[in-house]
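Peer 1: Sequence lines, in order, name chains A and B.
With our numbering, the residue at position 76 of the first sequence is 76, and numbering never jumps.
With our numbering, the residue at position 137 of the second sequence is 137, and numbering never jumps.
Honestly, the hints are just simulated from the structure, not real lab data.
Take these hints with a grain of salt, some might be off.
Stated by the list, open to error - Below, a list of computed lysine to aspartate or glutamate pairs in the EDC-like style, where the Cα atoms sit at most 20 Å apart:
no.	chain 1	residue 1	chain 2	residue 2
1	B	K200	A	D281
2	B	K97	B	E77
3	B	K133	A	E238
4	B	K97	A	E285
5	B	K142	A	E283
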Amino acid sequence: MCGWWDKVDDNKGVPRETPDQPLPRALHWVLTIVFLCLLGIMLGSGLAALHDLDQMHDAERAARRVLAYRSEQEMLSQLDAIRRLFERNDLLDSLELEILRQSDELRAWNDRQLQLTDQSMVAQFAQLQSSLTRSIVLSLASGFLLIGASMLYIFRLEGQMSGRYAELARSRAELEQLSARLVEAQETERRKISRELHDEVGQTLGALLVDVGRLSAALPDARPEIKNQVGHMKSVAERAVQSVRNLALLLRPGMLDDLGLVAALEWQGREVSRNSHVEVDVESENVAEDLPDDYKVTIYRLVQEALNNAVRHSAARTARVRVEQTDGHIAVMVSDDGQGFDPQRQRGLGILGMEERVRRLGGTLAIDSHAGQGTTVRAELPV
Amino acid sequence: MKKLRVLLADDHNLIRAGLRLVVAQQPDFVVAGEAENGRQAVAMAETLAPDVVVMDVGMPELNGIEACRQIREKRPETEVVMLSMHSDEGYVLRALKAGARAYLLKDSAEADLARAIRAAADGKSFFSPAVGKVLLEDYIRKLERTGAEDTYELLSPREREVLQMVAEGKSSKDVANSLNLSVYTVETHRAKIMQKLKLKSVPELILYAVRKGIIA
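Construct the entire structure; sequences and hints are all you get.
Peer 2: Here it is in structure tokens:
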């Protein structure tokens, strides 16, 4: 009956918060990486092309150097041949002829060399062009491939994510529904049992009490042992009436139905003051008498639970209950001057129960407590 | 001799039967009728015009306190004796605010019912002794725990006299007559009493008197 406020381990709690959607963050990272990769490839192929160009430049210079060197060597060898002709004192004609022939040969050789160099240059340029084209095509292709792949990956992630999110939302909604139904069922059951106890058991005992009272009044001259017996019957019946009444009140305070929320809270405060070491002060402002039953029960149970905790765990000396209704919402506050606790680490079932009830009505619950500084429970409910 | 006409309102047959027996035992009482819920009690009070209604607080359809308020509005000459299981001041105060004259706990109803009905018919207050006891215990405990002072000590002897008479149900004029004062003086005393005791209404004043054992 009272088990819902018993302590439980922290990790048994139902997960309360849905994780934020991490998708935009992941997307951001993936796109950054893709962009960096693309940049890397472009840079790499550009550098490769530069390197190729540089190489070609070197090759050309080397070729020129070789050409110049070879021409010089050739000239020297021709001059040697001419000198040798002079030394042999040959005819002028033959000299002239020889010179002409030599120069023709030289020109032909030069032409050949020029042609060769030209061809090699053209070939080198062709090579450079094709290598540039290749690297551009390669980088473009890999870029597109990368973009495609990452898009695919992102879409897949997104799909998975939204699937999981929907699943989470659904199961959370189901859980909420279930616990709402549980709270409702608990309240209905309590009311039923309380009504039954009060109406049937309580009233029957009450009638018995009235009868016994009349019996004892009708026996003024009876023997003392009979009078004692009747007196004993009366006190037994009184005790039974009292305990049934207390039980019924604990299950569902009749004040909530008879007198409304404020009176029920005041009664509860006095009841706690009577039966514990905590003196409770109840204040209320502007609280409408015609609050819906859901609200009355929620606020009543919340205050009951908070006071219960103050009495059982906090060693408080005074507690204060304040209920205030303003435009559109009701604020409930229960504070005590007890030893406090760490609400992040110690969460009993009772607190879960409070949260559940408050959330059902679209409200919020905050528990402010520090070791040695008392506890304040605040709830805001939209009306 | 004219008999007091009593209407009994309780949703439980057994309790009603018990009440009927007690009322029937008194030679000067007669049971005018019996109602099973608050709505019926209001309707029967209008048609049967009883002198006193004995009413259970917790009844279906319309609870006893609301029924009391309606009866007192429609027929101020009909007095109400409230029957309850609760000695809590929340109930007592609200019953008084609704216009009830007497407040009886069901446990002791058979012993005190006749006295309560007679007192109510005379326009006087009556409370089960246990009610005063519970209220006093609550009051003393609160004083002890919070260290507040007992406001009763602030009243002058004359104010205490006026407090008792007002709490018993007397009008300012009655009080003035029996104390040989002017109505104006009595009104001034009343205002000072309310101010010193920090009370807002006559029902609160009656509750205070019951708690202090000034009236029962």
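Peer 1: Taking the hints in turn, state whether each one holds.
Peer 2: Structure-based check of each hint:
1. At roughly 18 Å between alpha-carbon atoms, B/K200 and A/D281 fall within 20 Å of each other, so this suggested pair holds.
2. Distance check on the hinted pair: B/K97 and B/E77 sit about 16 Å apart at the alpha-carbon level, within 20 Å; holds.
3. Taking the CA atoms of B/K133 and A/E238, the gap is about 17 Å. The hint holds against a cut of 20 Å.
4. Distance check on the hinted pair: B/K97 and A/E285 sit about 18 Å apart at the alpha-carbon level, within 20 Å; holds.
5. About 15 Å separates the Cα atoms of B/K142 and A/E283, which keeps this hinted pair within 20 Å; it holds.
Checked against the numbered hints given earlier, the structure satisfies every one of them.
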